[in-house]
Amino acid sequence: MKRFLDLADFTREDITGLLALANRLSEKPEPQALAGKILGLLFFNNSLRTLASMQAGMSRLGGSSFVITPGAGTYQIETRVGVTMNGAAAEHVREGVPVLASYCDALGIRAFADGKDLEADLAETTFNAMAQLVDKPLINLESAMSHPCQALADWKTLDDVQVPRKGRFVLSWVWHPRALPLAVPATALHMAAMRGMDVTVLRPQGFALPAPIMEKARRAAAASGGSVHETADRHAALEGAHIIYAKEWGATSAYGDVDADAKLRASLTDWCVRDNWFDTTDPDCRLMHCLPVRRNTAVADEVLDGPRSIVLREAHNRLLVQMAVLYRMLKGDPQ
Amino acid sequence: MKRFLDLADFTREDITGLLALANRLSEKPEPQALAGKILGLLFFNNSLRTLASMQAGMSRLGGSSFVITPGAGTYQIETRVGVTMNGAAAEHVREGVPVLASYCDALGIRAFADGKDLEADLAETTFNAMAQLVDKPLINLESAMSHPCQALADWKTLDDVQVPRKGRFVLSWVWHPRALPLAVPATALHMAAMRGMDVTVLRPQGFALPAPIMEKARRAAAASGGSVHETADRHAALEGAHIIYAKEWGATSAYGDVDADAKLRASLTDWCVRDNWFDTTDPDCRLMHCLPVRRNTAVADEVLDGPRSIVLREAHNRLLVQMAVLYRMLKGDPQ
Amino acid sequence: MKRFLDLADFTREDITGLLALANRLSEKPEPQALAGKILGLLFFNNSLRTLASMQAGMSRLGGSSFVITPGAGTYQIETRVGVTMNGAAAEHVREGVPVLASYCDALGIRAFADGKDLEADLAETTFNAMAQLVDKPLINLESAMSHPCQALADWKTLDDVQVPRKGRFVLSWVWHPRALPLAVPATALHMAAMRGMDVTVLRPQGFALPAPIMEKARRAAAASGGSVHETADRHAALEGAHIIYAKEWGATSAYGDVDADAKLRASLTDWCVRDNWFDTTDPDCRLMHCLPVRRNTAVADEVLDGPRSIVLREAHNRLLVQMAVLYRMLKGDPQ
Numbered sequence: 001m002k003r004f005l006d007l008a009d010f011t012r013e014d015i016t017g018l019l020a021l022a023n024r025l026s027e028k029p030e031p032q033a034l035a036g037k038i039l040g041l042l043f044f045n046n047s048l049r050t051l052a053s054m055q056a057g058m059s060r061l062g063g064s065s066f067v068i069t070p071g072a073g074t075y076q077i078e079t080r081v082g083v084t085m086n087g088a089a090a091e092h093v094r095e096g097v098p099v100l101a102s103y104c105d106a107l108g109i110r111a112f113a114d115g116k117d118l119e120a121d122l123a124e125t126t127f128n129a130m131a132q133l134v135d136k137p138l139i140n141l142e143s144a145m146s147h148p149c150q151a152l153a154d155w156k157t158l159d160d161v162q163v164p165r166k167g168r169f170v171l172s173w174v175w176h177p178r179a180l181p182l183a184v185p186a187t188a189l190h191m192a193a194m195r196g197m198d199v200t201v202l203r204p205q206g207f208a209l210p211a212p213i214m215e216k217a218r219r220a221a222a223a224s225g226g227s228v229h230e231t232a233d234r235h236a237a238l239e240g241a242h243i244i245y246a247k248e249w250g251a252t253s254a255y256g257d258v259d260a261d262a263k264l265r266a267s268l269t270d271w272c273v274r275d276n277w278f279d280t281t282d283p284d285c286r287l288m289h290c291l292p293v294r295r296n297t298a299v300a301d302e303v304l305d306g307p308r309s310i311v312l313r314e315a316h317n318r319l320l321v322q323m324a325v326l327y328r329m330l331k332g333d334p335q
Numbered sequence: 001m002k003r004f005l006d007l008a009d010f011t012r013e014d015i016t017g018l019l020a021l022a023n024r025l026s027e028k029p030e031p032q033a034l035a036g037k038i039l040g041l042l043f044f045n046n047s048l049r050t051l052a053s054m055q056a057g058m059s060r061l062g063g064s065s066f067v068i069t070p071g072a073g074t075y076q077i078e079t080r081v082g083v084t085m086n087g088a089a090a091e092h093v094r095e096g097v098p099v100l101a102s103y104c105d106a107l108g109i110r111a112f113a114d115g116k117d118l119e120a121d122l123a124e125t126t127f128n129a130m131a132q133l134v135d136k137p138l139i140n141l142e143s144a145m146s147h148p149c150q151a152l153a154d155w156k157t158l159d160d161v162q163v164p165r166k167g168r169f170v171l172s173w174v175w176h177p178r179a180l181p182l183a184v185p186a187t188a189l190h191m192a193a194m195r196g197m198d199v200t201v202l203r204p205q206g207f208a209l210p211a212p213i214m215e216k217a218r219r220a221a222a223a224s225g226g227s228v229h230e231t232a233d234r235h236a237a238l239e240g241a242h243i244i245y246a247k248e249w250g251a252t253s254a255y256g257d258v259d260a261d262a263k264l265r266a267s268l269t270d271w272c273v274r275d276n277w278f279d280t281t282d283p284d285c286r287l288m289h290c291l292p293v294r295r296n297t298a299v300a301d302e303v304l305d306g307p308r309s310i311v312l313r314e315a316h317n318r319l320l321v322q323m324a325v326l327y328r329m330l331k332g333d334p335q
Numbered sequence: 001m002k003r004f005l006d007l008a009d010f011t012r013e014d015i016t017g018l019l020a021l022a023n024r025l026s027e028k029p030e031p032q033a034l035a036g037k038i039l040g041l042l043f044f045n046n047s048l049r050t051l052a053s054m055q056a057g058m059s060r061l062g063g064s065s066f067v068i069t070p071g072a073g074t075y076q077i078e079t080r081v082g083v084t085m086n087g088a089a090a091e092h093v094r095e096g097v098p099v100l101a102s103y104c105d106a107l108g109i110r111a112f113a114d115g116k117d118l119e120a121d122l123a124e125t126t127f128n129a130m131a132q133l134v135d136k137p138l139i140n141l142e143s144a145m146s147h148p149c150q151a152l153a154d155w156k157t158l159d160d161v162q163v164p165r166k167g168r169f170v171l172s173w174v175w176h177p178r179a180l181p182l183a184v185p186a187t188a189l190h191m192a193a194m195r196g197m198d199v200t201v202l203r204p205q206g207f208a209l210p211a212p213i214m215e216k217a218r219r220a221a222a223a224s225g226g227s228v229h230e231t232a233d234r235h236a237a238l239e240g241a242h243i244i245y246a247k248e249w250g251a252t253s254a255y256g257d258v259d260a261d262a263k264l265r266a267s268l269t270d271w272c273v274r275d276n277w278f279d280t281t282d283p284d285c286r287l288m289h290c291l292p293v294r295r296n297t298a299v300a301d302e303v304l305d306g307p308r309s310i311v312l313r314e315a316h317n318r319l320l321v322q323m324a325v326l327y328r329m330l331k332g333d334p335q
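Residue numbers (the numbering used here), protein chains in the order written: chain U, 1 to 335; chain C, 1 to 335; chain G, 1 to 335.
Hints were generated in silico from the structure; no laboratory data involved.
Since the structure is predicted, the reported quantities are computational estimates derived from the model, not experimental observations.
This list has only true hints and no planted wrong ones.
Chain G side only, calculated, beta carbon under 8 Å to chain C, not exhaustive:
| hint | residue |
| --- | --- |
| 1 | S64 |
| 2 | I68 |
| 3 | G73 |
| 4 | M85 |
| 5 | A90 |
| 6 | E95 |
| 7 | C104 |
From the structure, some residues in chain C lie toward chain G, with a derived Cβ separation under 8 Å:
| hint | residue |
| --- | --- |
| 8 | P31 |
| 9 | S53 |
| 10 | Q55 |
| 11 | A56 |
| 12 | R294 |
| 13 | D301 |
| 14 | A315 |
We put the CB at the ideal spot given by N, CA and C, even for glycine.
Next up, chain U with everything else stripped away, as it sits in the complex (with noise of 0.2 Å):
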């Protein structure tokens, strides 16, 4: 496996995979598995999660990382193309990118959607200009439109949770301040699909996940026999669900209009999941989000500090499924 960037381009058996390799390296650590490997870190936004987890998977395969991020102790760094750089940016990624590659074995970059121009961002504009500089094994840490770390951690969540292949799992939009990216919910309803299980994406109007998202994921459902609705009507929704997967997104029908989006979300405060959207799901119904979660605007206190949330388990699951990707890219297959 020489890059770790998309869901979609693996098979459900790829994933199924990678997730028995997780579970065996817990049962059986491997401390010497990647002695001398060194994994770079290259992080445009904020982590905690990822910025550990990666850390702590790497030193616990006895292998080590360094991590740079732009703008806290290093250079700001260009991202556009052919631009006269006279700007805060003294680096552009066509250096700063082939650059880290050649000190490592393998390179993480972290870089957000741009939230301007949802075209661009669709077609992971930034983050595929980076991948193409990268001729080492490359993982994605959350790129404009996909997080497959997430995923993955995701996927062993709820296979540890025991939710039944075919379970519903309602995406459900979220209340934030401001608008956030989609590659949390796009890589969420590609995970569920693929995993084969009965998707809704819960929004209100304004909101919908773009066409490109939602065929992309009808496709992977389409394969594992799984299904893809949305809807705008939580009632019906959220009955008989077996998992509420919270998200915070920005406005679709104002992609990059920060006054539009603002206006949109206004009367939209209680889109915060509470102890009663769970009141027709079905009774073990659980809450998922990738966190950071704001308290008690996306979710309240008595659903994240309840039984129903699993929201700890895919946190630490993050380690655990980025050992195994480490593991397939830098030790190869095990036999």
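Chains C and G: place on chain U using the hints.
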């Protein structure tokens, strides 16, 4: 040892045992003792010694570490309970802390006093709220009222330079442009009392240490055969002193009131340790300070650059005593 | 080798020996050579290559490192002597530097020129004040006037692409929105002179390198059979060149005067290396730059993306030559 949070949680014998272990590891290094172990480090506040020595200490024992700094590469993290998170903080400690704990074998947390509500800070409200979320070994890297790693290094330093157990230890307030927290003075006082020394807290009017801190130290002194006094009379305090432990802290009579504090300290700029402070001390009297120290405001160049200063030894001892703490926590009691 | 601070401290044979060691370690890795060794890294200024390659280099030799960045997670650090510290800096180098040195086996420090007083910068006042506080092996990660790791990587790159020892090396000033320090041009000049090359410093009026730098390079050239010239005539300088080494620096005729510098450089935006700069060079002439480089202000896309550019090779060589320096410092001379 599962937690190293406060000197007062340990007996005198526990502490001398840790110091003996620090000496043993210094003489007979065990470079693989913690192979495969990971220390997570969560810094809500600036650090130089703690940050570097904790990482170096893990390395010297064969382990590794990762660092998370909210607000610098990581989301700002909310510590208050029950709040509606629609401000700057994107993550709550109730998620962030247990997640980080799940990635490592031991966690260290630095979270200074809020400096607004003395009762809340004395109760370690913020730190304790985090500590109760951690099911791994936990190290206090400085909380509102406690800095046990510093105290351990200071105790070792007193031993190293053979200050008599019953010697005179003067904890003296010194000037700083603004109010600093009480953690170090409170812990240095407790350490010296616990070591059995004759301790005097020398501070101007308005800067007395809070009664609970003084009481706690008096109990420790009683158990160790030491004593604890306080005074604003510099001449009386310094006479015969074996140690001047200089430290800056805020006006406790106006806790959290920036203007009142500034007014109180405006006339106190002569509280800067100079050579003449040693005129009536024991001839071998030494200067201690936890660092960082502001030169020529808190302590004069002539003292810091002279033979009385043992501040660098204190700082180096941070590495050695923390290695003992990590070893005891992560490897268990040596047989 | 206890210190790697300035190329001029070494003989030509010392340097070629280090380059041979770099090649040997590249061909026959020694992944445990520095097991248990710790490198401390103190960065007063931004870094990408140095930060990543130093950490990666220690890892590749089995050692580890820690990073301290004043002002980003660590206190701001005062470098001036004798000052009354009532400003922003909470720590002085006289404490901070020896403390960090006491935690590691070798220390690297980056501290750019203050850029105000040319005499002080030429005297390396700031860096030397820190260097004298360090009793461990010490590496200059770029000081006011010296960047020896870069020079070593550049020398190796010249060897790698088989530039003749007596080839024509043109160090050319290029445009940048503001004044940059002299460390890289001074060191690249010295490196090429020491390698025995025919060196020309090409720069506009007002940007001549200071006389002590030119004199030092001329002495190195004399010892190696090379030569050093300077000119503002681009056409004359580039004719027959084997290397164009592009570099931005501030107006030395108005050192520290931001307005005068800006005025001087305002009309110099055509000092951007384009394909036509190579019209009269040797046909195999290459472009070198230490990076980061601003595209289309200092060097045009057409050159950086074309076959003449060897900037990525230079950057990768940073890793290899620094591993040699670390090996020589921490393991001693290989027998």
